[in-house]
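Undergrad: Residue strings, one per chain:
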Amino acid sequence: MNSDGRMQQRLRHEAGALLEQDKVDRIIGFEPGSLKFTTTPLITKIKDDLDRLVINPFIVNNLAVFLPGLKGRIAIVSKGCDSRSIVSLIQDNKVSRDDLVIIGIPCPGMIDLRKVEKLTGKDRDEMDDIIREGDKVVIREGIRDEGYGITPDPYPLTLEVSDVLFDNCLACEFPTPQDYDILLGEPVASRQSAAGESVESQESRVESRGEGDSRAKRLQSEASSERSVSGLQTINYRLLTRQQRWGFWRKEFRRCIRCYACRNICPSCFCKRCFVEESEPQWLMPVPRWQENLMFQVIRNIHLAGRCTDCGECERSCPMNIPLRSLTMEMYNLVGELFNFKAGMDKDAPPLMTHYEQEEAEDLIR
Amino acid sequence: MTASDISDKHRFLAQGNVYLPHIMIIEKIIEETPGVKTFHFNFKDEQIRDEFTFESGQFGEYSVFGVGEAPFCISSSPTRGDHLEFTLQRVGKVTNALHRLGVGAEIGFRGPYGNSFPIDLLQGKNLIFVGGGIGLAPLRSLIWNVLDNRDKYGDVQIIYGARSPADLCFRYDLDAWGDDKTVDVITTVDRQESRVQSPVSRVEAGNSRLQSQESRVGAGDSRLQTADSRLLREGFVPQVLEQVAPSAENAMAIVCGPPIMIRFTFPVLGKLGFTPEQMITTLEKRMKCGIGKCGRCNIGDIYVCRDGPVFTYAQIKRFISSEH
Amino acid sequence: MGAELNSEWEPRLLGLLCKWCSYGGADLAGTSRKKYPPNIRIVKLPCSGRVDPLFILKALHLGFDGVLVSGCHPGECHYQTGNFRARRRVAITKKFLEYMGIEPERIQASWISASEAGKFVEVVTEVTEGLRTIGPNQLFDEQRR
Amino acid sequence: MGIKKIAKKDIGNLLHQWGKDYTILVPSTEGDTALTVHGSRFTVHGLWDGSDVNLDWHRNTVKPPKSNFLPPMEEMFRFQKGKEGHSIELPQEERRQLIFGIRPCDARSLRLLDMIFTDVYQDPYYLPKRNSAVLVGLVCLRPYDSCFCTSLGISPGGSDDVDLLLTDIGDEFLIEEISDKGKRLMELTAGLEDATEDDITKASEAKEKAYGKVTRKIDTQHLKDKLLSSFEDETYWEKVAAKCIGCGICTFLCPTCYCFDITDEKVKKQGARFRCWDSCAFSLYTKMPMENPREEKWQRVRQKVCHKFEFYPMSFDVIACTGCGRCIRLCPVNWDICQTLEGIRDRGGDHQ
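Protein chains in written order, with the working numbering: chain A, 2 to 367; chain B, 156 to 479; chain C, 929 to 1073; chain D, 2 to 353.
No wet-lab data here; the hints were simulated from the structure. Backbone N, C-alpha and C fix where the C-beta goes; we use that ideal spot for every residue, glycine too. Just to be clear, a hint being listed does not mean it is correct.
[What the hints assert, rightly or not] In silico lysine to aspartate or glutamate, EDC-like type, Cα no more than 16 Å apart, as pairs:
#1 B:K199 to D:E85
#2 C:K986 to A:E281
#3 D:K244 to A:D100
#4 D:K240 to A:D50
#5 B:K472 to D:E233
#6 C:K1023 to A:E331
#7 A:K72 to D:E239
#8 C:K1023 to A:E281
#9 C:K986 to A:E279
#10 D:K270 to D:E85
#11 A:K46 to D:E239
#12 B:K248 to D:E233
#13 C:K1023 to A:E338
#14 A:K273 to D:E296
#15 D:K82 to B:E261
#16 B:K472 to B:E432
#17 D:K244 to A:D50
#18 A:K348 to A:D100
#19 D:K240 to A:D26
#20 D:K270 to B:D456
#21 C:K986 to A:E278
#22 B:K248 to A:E279
#23 B:K248 to A:E278
#24 D:K225 to B:D456
[What the hints assert, rightly or not] A few chain A residues facing chain D, derived, Cβ under 7 Å:
#25 P33
#26 L36
#27 N57
#28 D126
#29 A262
#30 N265
#31 I266
#32 V277
#33 E279
#34 P282
#35 M286
#36 P287
#37 W291
#38 S318
#39 G337
#40 L339
Required output: the full structure, derived from the provided sequences and hints.
TA: Printed below as a string of structure tokens:
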């Protein structure tokens, strides 16, 4: 049994005990999804349902999103990033720590199907199995159909886990939950520190893929082309010129359909009524015009300053493939640089925007 | 009335496009209560002004250009006047913008939409009108319609209530109906003491006898005899209805008011022997298009704008408990 | 939009001014007949702490070319901390918009007291000239012009 | 009826010919990288750029073709306030559209939309676009695992709702004329070969095989009645709605969802009225100033399910779902409508 399997077994046991001993009213976890390589949130009060709880490399959702809407005592399954969202919600008084039992998962990172698909040239439903084995991921041959121009690759195909994890998992600083009542395994170190790799050296690793091109130049050519490869690596757009960034974002936001999945999947977007829905004053038109789309995303990110923990759910949810994590990451870095603040680290710290220091950001004031 | 009946009705489309509004001019504004105004308005295009017809119970989409559209019923009677009226409470973006307009301003109007009160069914029957607050607006269109064809109907009883004396709308109508010996008007308020102290019906100020009674209304005395033997009672509309206890025989009850009032009125009518087919109401939903396409005004498979807004209780009771 | 098409274009600047200090400064500039560009439109706020990033974005949305937030000097806020809070908001707004590709010069903040009419004139002049250099706000050019 | 064929490499030539009379919309990826969303190819029916043929037709698009007839936003009219008061101006009529490579399920969805947009009042924005459009269908040889079109009377090789039907037979496409409109288009098209018996056999085999690949099923028998009797079952609806996050993906990207909002914009003395997509998943959708009939999430989820499987059948005698599976594979929390319907079916037998 691999470590996921062991954690899963213990999870079912612990969750069952919590319900049985009436320590919580509800369990929030994951159960297998209805499609291959998917999982789906399980929110239940029923003990029999707990046999469906799973832990695997596809438990992508940040379950903290359900907390503000639920009453009573809750046990919640929580990865490293989720736990920071929970802490952030506690800071904002949206949930009470006393009502929570946090079941922590030391998280080895989640598999980004987009990357697997890109590397194998197959779609999710055409693969038989994706198995994580330590630092490798093995892809089993899928349903094969003659005549559609897919070059047959040698299967089973073995990939490096670092090639298929989500970008935010690769960059994860705190894979072990910040706060937990039960931890299902041994704490894991950040990939960065484990590999003895700083953010900078990781960036240089990204760079080395550029095949001799200078990194900035390559990024620039990507952003000016139709679409960057952000499906594979999150790009630091700071390296582009201002005009290039403007051109890039206005192109990206033309695609937005304003389904608000980015907002609704986000644990930090807990407002009962979003500013975008206000009619008096009407800040924004409800029409999906690129200007309004862009403004919506800017304001959303400003509202998330000091709340966003870089869980990457907004980008993963976006059906229009807009590289939203690039925005959340920028804000994440920005509050760190300007105010030396990291979201979701200390449940007793005041939220970023309710607080101030005497001396800060004065260079931005003329 | 079914959808196919509506398609036979006259349509007054601007440039042949069902979403285009006609330009209308506001001719007169009556402040009914501090938050409610009645607008008298007319088509800018004189030809349509002459051709336009509608029936009691139908509604239209009213717009302030640049702000948006909102649905309101036509509150005047087709039997009366050379103009149209609508009444609205200031509650949101569009209604606020409408309330800011003055006489002479231009608004957009498209309609009439929806079905109407089933006049054929009502004729020859005793009619009990039960209204609450601004819900009197659609009833008022029908009441005047009935009174203008008085001989075709049986007894007419009007039970109307508002939160406080200051919230009573259409005081001039209440007065006029009160003067009509063939009509029984019962007015009630949830509580006698008005939250708003100022006199209310500005246009009719001084003429309203109801208003002049207010000063004499005393606490603890829940039934007050007014000078012309009309009652200004205290109590919720469903309770008053139960006290008045109109007979269900050969009668139809037409109910309109806030959802909570409607919800409590139907059971009372049921107790009094009214069958669901004898109870008629007109519903309000967020009707954006007015023509059954935008999708938001349904109660079950019934679209209020397309299949209503006038329904018998029998038609909607299947879904009403959890969605109304 | 090319500058040649726009010879008549004048930058539009929105001033969000605290009523206790910066608004007084603007007032004093007026009463003492100091000249400053007419490009600024002023909204008087009870405190710079009232500034919401939404105001700044909405101004750009409405076609303003720049926004100037101005309040009391640090430590002199009538409500003790309003300007410190404003500072955090303006800082992230300015930086984040820069990341989106909007010129940081469009979002300006300055501490101006009620007696600093000279500083008010100076800041407004500089900001207006800065906006003139960078040109019209691109966020809404397609829609509005 | 003529059955023709064309080599895949000549498709560009074909589209060039059609492009003289039509705006050509083809399934295409945005840019040169075949990105995916939640394991779906990220393709839309986008404007054909006329250059090389860079079509990604293997799998259905993320954005349904309704977006070409009921666009995410559209200007209904412009208004202007002058000395004489307000004047209203309608937008210009657009060019006829040719949708290339539309799947049978999506073609059916347009027929379902026709019902609502012709019901009582003719919709003056949707219908002109719809009536002038040509649908060039494409047999769906690689349905997703989330597809269940065959349960709704649609076949991946179905030709009921298209004007022409293409079948991928290797290096060539077989082209079948289906409607009169398709026939007329073919008469004006040069450079096609007649299909051989062998080609036709190949195509029908491919269709049959495709049918077998749709393995997901739902049982629609008595579904309407069961939904009706379950309407008040708050416990059930709360349970199925628990994990829904209330975003608009499943409705916006549903080929048969048509709900819209109407909104105004004014700058100085002129402005426009827009119509844009809206969704019953949003709580503001039904919000009125004083009350909201669907305040709770479970009510909104119920509305979505019942609208498709109960209310639409009551109004138009047809289920407003084509089984395209978008709502399932694009949902960020894997909310599965088939599971919800199964739950309804399994509930007590108060209906025969």
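Undergrad: If you test the structure against every hint from before, which numbers come out violated?
TA: 3, 8, 12, 20, 25, 27, 32, 33, 34, 37, 39 and 40
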